[in-house]
Amino acid sequence: MELHGVALQRETAANPVTCSDFLHFATALFGLTTFEMTGRRQRGNAGIRGPQSALTDFLASNNISAAQIRDEYDRRAAEAARQAAEEEEQAADAEYQDEAPPEPQPESPEEKSRKRKRQQAIEKIKKSKEFARRKARRTGEPDDDDDVLADEMMNEKQRPIPGQLANCEICGKRFTVTPYSKTGPDGGLLCADCSKKHTDGGKKGPAKKRNSGLGRRQNQSKLLDGFAIPGARSLLETCIKKVADNIDDVDEFGDLPPLVMHRLSQILSRNRAVTRKTLDLFLRPEHKELNIYDCAKLQTDDFHKILATMPALTRLNLRFVTAMKDEVFEYMMARDMKIQDLHLNSPNLVSDDCWRQLFTKFGPQLQSLKLWNLDSAFDDETAEVMSKTCTLLRRLKLKYLDKIGDKTLEAISTMKTLQHLSFHLTQETNPEPLLQVISQLGPNLYSLSLESFQLADDRLVQHIHDNCRELIKLRITDNAVIADKAMAELFRGWSNPALKFVDFSGLRDVDMSNPAGPPEAVGLASDGFVALMEHSGAKIEKLKVTSCRHISHAAYEEVFAENRRYPALKSLDIAFNAPVDDYIMQCIFRCCPALTKIVVFGCLKIRDVRVPKGVAVIGTLGAKLTVDGIAQKEIV
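All residue numbers for the sequence shown refer to the UniProt record's numbering, where the first residue is 1 and numbers rise by one.
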């Protein structure tokens, strides 16, 4: 029996059961029926006790009655069945009540009288002139809206006037009516607290005010790019912008023409969005030209991929190639590519030896070479190798190269094939090597750009006058030595045709303690400016005279007089020219019908200007600009 008890305990621990289940299990196990147990209890009362099982002793020791447990279980089951039946009956009654139409309640005499008076008032309102006027405003609406309109007018008449007391429709609170009291859902008035809750819960809050600074910055960015045409973009520009904004979702450009791909490259480079993934979109084996203006996120392997994917490249224009190393040039030379135009910005990891090998290998086929921002390589010796090997070079631009100077200028003066020349050297150079370049190469030059040659003097412009006969573009900037008289002599009697691009920015005296300048004007002053416009005014398209502060108001009046016209001038930069005022601006607009962009930073006398449609005015500060009679908001 003890073994049976142990087995029962193990079974119970493994599979918990209810008390009733436990009782039935025990009864079946030991063969004890209710009748037999009852008989034993009766015999026990007679003083006769037989042997008891372990389960019986356990139940007896804990005061557990099997009959009581069974009765309790049966009672709970009957109660649950009764509750379920009641719930089903209630659900059926509710469904029947929903389907059955409500019984009409008889109206009281007071209710009938109130409805009759209200109907009479509504009929009177319908005959009024105010009702006819309001109905005329609702032309096209159904006729049954007459009752709705009459009810609205009736409610308006019953509404308390400001200053009277009324009860809130929602909370019933007594409050004073104001002109700003709101109407509740049923037409009544609401107190201040309920009005706030009703507004917050049922209506959207006020629209968030847009940051005006963002719009101004966007407008200024467009103006700096020269976009001043109102209205929508062209379909082409819209599509290009859409592609650029979703470039991460683009898998292939398809058969886009090179011009569109070049525009996409400019936009993505400006947005710093050129990555390894986007680079693959521009790699076409059949294309001979690649222009990427921001390669800062590319690695050395990406440049190898460019050269491997596009074997027919003849023009390679890459900016900010900080990861480019000797291995890239060696790979280019090993593949014997036909590069003719090489434009690189910041290839500082390429050594001088590699540059020399490149010029030795590709020098005879190079036609255009543009290099920017080299501080650790490309010295005078490398420039000498370039001048000897690049026998067909026609265009050369060297800007911000730290290790070249006078010797480089002397070597370049021997390159007779050059037609376009641009220098901006960081080392200070003597005037003589530069004069040698002008003397030797001047007759063949179509464009000449000389920036920050601060020691150049009047002899430079005299050499340009004597040797240059084919110039279309001329830039001389940041010099405080060349006199205005020499600038005027440059254009007087010059056999060179009219210039199309002129940049004389920063040609002025730098002594700020003497705003009027020395007695003999320095840089581009009044005489030089007048002579320039007399010589090239008919053909000039872009003119920059930034910071030429010695040009007088009278000179501007003479140049932009009523009888003068400059039909080709599209871009004008007169920033930091103090004499420019509203009158000069109107004269400029009158004399330049093709003008699309004018820069006027630092021209503080400009206060109120009428701007022609399609002209971008950049740099105004606190000025009122009016376009087609509409005042424009300040954008700077």
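One should not assume that every hint holds.
What the hints assert, rightly or not - Cut-off 30 Å, straight-line C-alpha distance, at most; resulting in silico cross-link-like pairs (BS3-like, lysine-lysine):
# : residue 1 : residue 2
1 : Lys416    : Lys542
2 : Lys338    : Lys388
3 : Lys196    : Lys129
4 : Lys544    : Lys605
To be verified - Okay, the calculated beta carbon distance ranges per label pair:
#  : residue 1 : residue 2 : range
5  : Asp380    : Glu327    : 23 to 29 Å
6  : Leu604    : Ala498    : 28 to 34 Å
7  : Ser128    : Gly188    : 22 to 28 Å
8  : Asp249    : Tyr180    : 46 to 52 Å
9  : Gln357    : Leu604    : 52 to 58 Å
10 : Lys124    : Thr176    : 45 to 51 Å
11 : Glu557    : Asp249    : 53 to 59 Å
12 : Leu604    : Thr178    : 36 to 42 Å
The set of hints was computed from the structure by calculation and includes no laboratory data.
Where is the CB? At the ideal position from N, CA and C, for every residue including glycine.
Quick rundown of the hints versus the structure:
| no. | hint | verdict |
| --- | --- | --- |
| 1 | Lys416 <-> Lys542 | 28 Å, holds |
| 2 | Lys338 <-> Lys388 | 19 Å, holds |
| 3 | Lys196 <-> Lys129 | 36 Å, violated |
| 4 | Lys544 <-> Lys605 | 19 Å, holds |
| 5 | Asp380 <-> Glu327: 23 to 29 Å | 25 Å, holds |
| 6 | Leu604 <-> Ala498: 28 to 34 Å | 32 Å, holds |
| 7 | Ser128 <-> Gly188: 22 to 28 Å | 24 Å, holds |
| 8 | Asp249 <-> Tyr180: 46 to 52 Å | 50 Å, holds |
| 9 | Gln357 <-> Leu604: 52 to 58 Å | 55 Å, holds |
| 10 | Lys124 <-> Thr176: 45 to 51 Å | 30 Å, violated |
| 11 | Glu557 <-> Asp249: 53 to 59 Å | 56 Å, holds |
| 12 | Leu604 <-> Thr178: 36 to 42 Å | 51 Å, violated |
Taken one by one, the earlier hints fail for this structure at numbers 3, 10 and 12, listed in ascending order.
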